[in-house]
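Residue numbers (my numbering), protein chains in the order written: chain A, 354 to 496; chain B, 1415 to 1721; chain C, 6 to 239.
In case anyone wonders, no lab produced these hints; they're calculated from the structure. Backbone N, C-alpha and C define an ideal beta-carbon position, used for all residues, glycine too. One or more of the hints may lead you astray.
[Unchecked claim] Okay, derived cross-link-like pairs now, DSS-like style, lysine-lysine, Cα gap no bigger than 25 angstroms in a straight line:
hint	chain 1	residue 1	chain 2	residue 2
1	C	K115	C	K224
2	B	K1633	B	K1676
3	B	K1562	B	K1633
4	B	K1695	A	K463
5	B	K1518	A	K450
6	A	K450	B	K1504
7	C	K224	C	K73
8	B	K1504	B	K1586
9	A	K463	A	K475
10	B	K1715	B	K1676
11	B	K1549	B	K1433
12	B	K1586	A	K450
13	B	K1504	B	K1549
14	B	K1676	A	K463
15	B	K1633	B	K1695
16	A	K450	B	K1562
17	B	K1549	B	K1562
18	B	K1549	B	K1518
19	C	K73	B	K1562
20	B	K1633	B	K1506
21	B	K1675	B	K1695
22	B	K1675	B	K1715
23	A	K463	A	K450
24	B	K1677	B	K1715
25	B	K1633	B	K1675
26	C	K73	B	K1633
27	B	K1433	B	K1518
28	B	K1434	B	K1518
29	B	K1518	B	K1506
30	B	K1562	C	K150
31	C	K152	B	K1586
32	C	K93	B	K1562
33	B	K1695	B	K1715
34	B	K1434	A	K463
35	B	K1586	B	K1549
36	B	K1518	B	K1586
[To be verified] Here's a subset of chain C near chain B, in silico, CB distances under 10 angstroms, partners left out:
hint	residue
37	I52
38	Y57
39	A229
40	M232
Letter by letter, the chains look like this.
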Amino acid sequence: MASTIYRLITIVSLLSLIHCAYSAAQHRFYLRLTEQPFVSLPADVVAQTVISLVALIYGTSYLANPFQYIKKDQHHDRTCDEALNCPSFITFENRSKAMSPEFAMLRTLKQQQRQRQTSSRKETHSGRVSETIHSSESTDSQE
Amino acid sequence: MVTTDWTQVSYEEGRQTLKKWRECGVRRSEEVVEIWEHVISRSPSSLGDEQWAVLEQVCIASLDAARVDLAQECIDLLHAQFPNSNRVLKLKGMQLEATEHFQKALDIYERLVEEDPNNNSYRKRKVAVLLAQGKRLDAIRAINEYLKIFLNDPEAWLQLSELYLLENDVPKSVHCLEECVLIQPLNSMYFRRLGDLRYTQGGADNVELARAYYERALKINPTDLRSQYGILLVRNPSGLLLKDFQSNNQIASTTKSPSEKKKAGLAAVDAIDNLVNRYQKISPKSNPESDGILNCLEAMKVTIGSK
Amino acid sequence: MTDLLLDPAIRTWVFLPIVVITFFIGILRHYVSLLLMNKKKVELENIADGQYLLRARLLRENGRFLPKTSFNARRQYLCAEETGYLSKAQQRPAKGPNPMDPSQMTEMLKGNMMNMIPMIVVGGWINWTFSGFVTTRVPFPLTLKFKAMLQRGVDLVSLDSAWVSSASWYFLCMFGLRSIYTLVLGSENAADQSKAMEDQMAMTGSAVNPQADPRAAFKGEWEALQMIQHQFAL
């Protein structure tokens, strides 16, 4: 979030630099027309160039993002949890399932399914055996 | 612990936080769901193009927080916008994983891998299915296969190193972390972890390596407390390493000359000074143990300094 | 040094239009090639190759953070005589550009067409339109050898080498604007004539060009790894 003053400084210094370039070109053109050898640019053009360059650097350094270290550790402000986390390998087997009502429903459904499977398998045995097994399993599942 | 009430933050703040968490890969699922429900979902369209990425983030977070209804909503919205997208299909696979339909999820991922063999995230999800089922050895094998192709994936190496640690195989875990170091040498976490693991392995060479790693971690990240503690551990000048406790009741000290011991002692005292400085800056409210810790550290300084 | 004075009209009507034309033709070429060329289908083996090359380079650069044994073990894995990956990869049969393979040939042909034909056509048109005068001057003095390069179409023996004719100015622009294309179109642009052969990012699985380079690249990495002396930097 650059404030307008720095933006203003940058724009003004950019325009000033362009103006310096133009006036330098014009100066050389004038010298060529009047057939004088080119020695150096007039002092005011040089001064304007230097000042606008400094102002440009100053303004841009505020407009650009804050300075970064040369060799930056991107994790220097992160906890172990964040830095050693592997989000592509995330698994959803955690306690939240135990606390959620939908998963409780899912669990009971699965248990009922399993009960039905085992009871249908045990129907091949004698009736009494299957009854006792069925009753013991239902007491197990109620725990 | 500073806890923010995420239901009361402003829209812009919520959006910035979600973005930060998305970019850093942070796993704070319940908070993401809270922010989404109370703050952002009021006007999701004002997120503009960001809303699809946010929806994906919220979907994964809601699966993690066992909010199947919210996950279904997000997937429906994404599907309506991107009907033939592989990424949405991957989210559907994750939803099946969360509801424990592992075989169906595996089928989806295999289809995705066939369609787009260069995309590594589908293979990683296959490994995650194995992990969710608790088949650690299979998962280790699967990650090794994956790493034969996609060699430079620090996340996979990190995950493999965790898995080896769960199997109590420290040398292999060290190998994996060293791979991570090769890929990202400026990450102080890897060096710290390597220091921990080398110190765990024990033996004079490994402890020296641990020292080197801790110092490097400290150099990269001067604010790291754990590396300071690590240096304290390894620069113990009396050379008391319980691991070298011999069976005939001799405590084998590492063979250090007196000058080395003095150097080690100074380094340890330095580390303690740094720690003391850090703890003094923390107010007792944020860390109620800081007084006790300061006392301990002062005592340690006295004992080490006197040796 | 004789100072020729050029008509300012040349600057307005020749110099700048050539730059503008070159720039827009480059962008046009990029979009047309996007339409015409199908996406490079990358083989898994090529991905693995690219990754191994990258890993060899990383080992060279960052190997000083590993203890000697680890470094040597890794170097052994990559460079060993019979079993190292790089050695094995060098033994693979060379797959040069195969002119018999129809699909590869059409790809090559399309690529060449896309690059050569616009260059020749536009170059010729510019030579025809803007002939008869010098366009600009390079600001530094040059030897006579550069005359042939810079003064295409102008046959004056006594003209100083620094002066550039319009056709040569077109070619100069075309090569010079490459970096501007990278800025404007992002990297991966088809207007850039000389794409880098090397592998860039690990994740996206960009592959080594299957036609020419793998064996040379492997050999280079193998030699570099053999030469390196390990110094534990910590």
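Structure-based check of each hint:
| no. | hint | in the structure |
| --- | --- | --- |
| 1 | C/K115 <-> C/K224 | 31 angstroms, violated |
| 2 | B/K1633 <-> B/K1676 | 22 angstroms, holds |
| 3 | B/K1562 <-> B/K1633 | 33 angstroms, violated |
| 4 | B/K1695 <-> A/K463 | 54 angstroms, violated |
| 5 | B/K1518 <-> A/K450 | 20 angstroms, holds |
| 6 | A/K450 <-> B/K1504 | 21 angstroms, holds |
| 7 | C/K224 <-> C/K73 | 24 angstroms, holds |
| 8 | B/K1504 <-> B/K1586 | 31 angstroms, violated |
| 9 | A/K463 <-> A/K475 | 18 angstroms, holds |
| 10 | B/K1715 <-> B/K1676 | 14 angstroms, holds |
| 11 | B/K1549 <-> B/K1433 | 34 angstroms, violated |
| 12 | B/K1586 <-> A/K450 | 33 angstroms, violated |
| 13 | B/K1504 <-> B/K1549 | 21 angstroms, holds |
| 14 | B/K1676 <-> A/K463 | 66 angstroms, violated |
| 15 | B/K1633 <-> B/K1695 | 21 angstroms, holds |
| 16 | A/K450 <-> B/K1562 | 35 angstroms, violated |
| 17 | B/K1549 <-> B/K1562 | 20 angstroms, holds |
| 18 | B/K1549 <-> B/K1518 | 17 angstroms, holds |
| 19 | C/K73 <-> B/K1562 | 23 angstroms, holds |
| 20 | B/K1633 <-> B/K1506 | 44 angstroms, violated |
| 21 | B/K1675 <-> B/K1695 | 30 angstroms, violated |
| 22 | B/K1675 <-> B/K1715 | 15 angstroms, holds |
| 23 | A/K463 <-> A/K450 | 14 angstroms, holds |
| 24 | B/K1677 <-> B/K1715 | 14 angstroms, holds |
| 25 | B/K1633 <-> B/K1675 | 22 angstroms, holds |
| 26 | C/K73 <-> B/K1633 | 21 angstroms, holds |
| 27 | B/K1433 <-> B/K1518 | 32 angstroms, violated |
| 28 | B/K1434 <-> B/K1518 | 33 angstroms, violated |
| 29 | B/K1518 <-> B/K1506 | 10 angstroms, holds |
| 30 | B/K1562 <-> C/K150 | 53 angstroms, violated |
| 31 | C/K152 <-> B/K1586 | 65 angstroms, violated |
| 32 | C/K93 <-> B/K1562 | 15 angstroms, holds |
| 33 | B/K1695 <-> B/K1715 | 19 angstroms, holds |
| 34 | B/K1434 <-> A/K463 | 39 angstroms, violated |
| 35 | B/K1586 <-> B/K1549 | 18 angstroms, holds |
| 36 | B/K1518 <-> B/K1586 | 33 angstroms, violated |
| 37 | I52 | 6 angstroms, holds |
| 38 | Y57 | 6 angstroms, holds |
| 39 | A229 | 15 angstroms, violated |
| 40 | M232 | 18 angstroms, violated |
The earlier numbered hints that this structure contradicts are 1, 3, 4, 8, 11, 12, 14, 16, 20, 21, 27, 28, 30, 31, 34, 36, 39, 40.
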